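J.: Chain by chain, the residues run as shown.
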Amino acid sequence: EAQVTQNPRYLITVTGKKLTVTCSQNMNHEYMSWYRQDPGLGLRQIYYSMNVEVTDKGDVPEGYKVSRKEKRNFPLILESPSPNQTSLYFCASRETGTKKPYEQYFGPGTRLTVT
Amino acid sequence: QQQVKQSPQSLIVQKGGISIINCAYENTAFDYFPWYQQFPGKGPALLIAIRPDVSEKKEGRFTISFNKSAKQFSLHIMDSQPGDSATYFCAASPSGYSTLTFGKGTMLLVSP
Chain S
1 EAQVTQNPRY LITVTGKKLT VTCSQNMNHE YMSWYRQDPG LGLRQIYYSM
51 NVEVTDKGDV PEGYKVSRKE KRNFPLILES PSPNQTSLYF CASRETGTKK
101 PYEQYFGPGT RLTVT
Chain F
116 QQQVKQSPQS LIVQKGGISI INCAYENTAF DYFPWYQQFP GKGPALLIAI
166 RPDVSEKKEG RFTISFNKSA KQFSLHIMDS QPGDSATYFC AASPSGYSTL
216 TFGKGTMLLV SP
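From first to last, the protein sequence lines stand for chains S and F.
Residue numbering for the first sequence follows this note's numbering, beginning at 1 and increasing consecutively.
Residue numbering for the second sequence follows this note's numbering, beginning at 116 and increasing consecutively.
Every clue listed holds true.
Far from chain S by the CB rule (all over 10 Å, computed), these chain F residues:
(1) 130
(2) 132
(3) 135
Covered stretches of chain S, as calculated for chain F (at least 3 residues, CB under 8 Å):
(4) 37-46
(5) 49-60
(6) 107-115
Keep in mind the hints are simulated off the structure, nothing from the lab.
Being a predicted model, the structure only gives us computed values, none of them experimental.
Here a beta-carbon is modelled for each residue, glycine too, at the ideal position from N, C-alpha and C.
Based on the provided sequences and hints, a complete structural model is requested.
T.: Written as structure tokens, this is what we have:
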């Protein structure tokens, strides 16, 4: 089944404790991206990657890191989480160079709470 | 700076009625305008999308109307059904589709 998977789905952590949220897709998509969703703010793009070893900042990159060493994986790293990073995080991927290069497929989300 | 403004925040429609959600954008570099549908506990999923070279696109009960001069676009859901109850997000992307900027979302409730 074509899908984007995220782990963990739920995470409660404390301020300053480094964490990684993994994202993996099995559709051979070149493009991957991370978003955060907050009530009343919609979804905001954190980082995106057009291909392996190519990453770029979205609208809200502060406090986050990403890496794209393999095509299928795009982990989100919070080196020193703070309470304002409490949010629902979504990973997404899409094809490039096809009829529908714009359709992003979203993962199920990771709910992160930082205390 | 909010680049895509969406209204209303919430909407209640009777079954069989028409749901209308509006969005406005400022950045003239935007070249692609999708709508995403999100059910509780799920990730957003693409519903329908439009490019600015057409003024309307219809897929089943869902229609996007696009007004390039006014920099506005809207989603119309005809014959709304309880199963359409979800949060709807408009979005915009520049050519090349590198980034995707979302509106704040509209929570739609279709009453039986």
